[in-house]
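Enquirer: Single-letter residue listing:
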Amino acid sequence: MTEKYKDHDINAGHPEDEQHIVSPKVYFIIFLSLLVGTALTIGASYLEMGPWNPVVAIAIACVKATLVVLFFMHIKYSSKLMKLTVGAGVFTFLILVGMSLSDYMSRAWGQW
Amino acid sequence: MSDSHAVATAEVGHEEHPAYLRHHFVSLEQQNETSSFGMWLFLLTEIMFFGGLFTAYLIYRNWYYPAFVAGSHQLNIFWGSLNTLLLISSSFTMAMGVWSAETKRKNGLIWSLIATLILGIGFLGIKTIEYTEKYEKHHIPGHTFSYQNFVNPTQQEIQSGDKPLAPDMAAKTEVYFSLYFAMTGMHALHMIIGIALLSGMLFKALRGGYMDGNIAYVENFGLYWHFVDIVWIFLFPLLYLISRHQ
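Residue numbers (our numbering), protein chains in the order written: chain F, -9 to 102; chain L, 14 to 259.
Where hints are given, some of them may not hold.
[Stated by the list, open to error] Calculated cross-link-like contacts (lysine to aspartate or glutamate; reagent style DMTMM-like; alpha-carbon spacing at most 20 Å):
(1) Lys147/L - Glu115/L
(2) Lys66/F - Glu42/L
(3) Lys70/F - Glu232/L
(4) Lys15/F - Glu115/L
(5) Lys70/F - Glu42/L
(6) Lys70/F - Glu46/L
[As the list claims (entries may be wrong)] So the derived list for chain L, only partly shown, Cβ under 10 Å to chain F, looks like this:
(7) Ala108
(8) Gly135
(9) Tyr144
(10) Phe216
(11) Leu236
Calculated from the structure, these hints are not laboratory results. Glycine included, every Cβ here is placed at the ideal spot set by N, Cα and C.
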């Protein structure tokens, strides 16, 4: 910092702004977890669970996607601004998809 | 003479920071944060885009359920699983590429990019095998589409649990295959764009690029590649898996 910015250190009090290098070990553990998740979701598809098959499959996919976002895409180590941006985006996404689906699936029962 | 100009020349000279730090950023951290923030905004619009396709798929699956189950049984679970394996591995190799760039390992970066490139091309190769099979069975929507084998399933398909569909429901398998091609096709297009960018990055890395700490491009490409992986993480169960038993 130069003399000019002495009283304006943007990094002061923002330790999350520091560049965080995620280690290969973490990447490898996440990679293995994703492989286990894939095996689980394939295995679950061979079980007869009626309406729960899609629920279980989407739940496993959400866990896998969360691992990718947090570790491969570094959101766990990012600033609050980034966390909030991603969170707000996912929230908006769920509103759009959730409300569209609830509308379609709650009208004209049995008339398809 | 404006004050900012005086600051730029006199106080924040070029000796004090790397050349790739733009003058309108206070620090490298701020510059990196800004670039990945922009990348994430782009990826969020992509999530909305694919979300529309996923929503359409779920709604039509509810409407024409027997047709979607029969259509889904036409997909080969082995190819789908293998492609999932390839894509997750390529995400891992790309993450290793970002790490290599961060720690300035030239060979690590080059080999990570090569591995990611090969896995990505392998994914598209398997996708080609699957599309060819759809072509041979007349399952590509349009004037060549035929739903005959959903009205009259083969003996083998009946043994594995497929029931013959009435012609009006069998015709709706075209909706399933339209969504199948729209979703996997858009995903494949993202892969093709990714492979093109990856090749350019490899070209630059082979000439010693990204070793000066200016790795925003590698990091942002990594975000893009992982996003394409996430789309497939949802496509695979929705298209291939969830209808296996109905």
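Enquirer: Would you pick out the hints that fail for this structure and give their numbers low to high?
Expert: Going through the list in order, the structure violates hints 1, 8, 9, 10 and respects the others.
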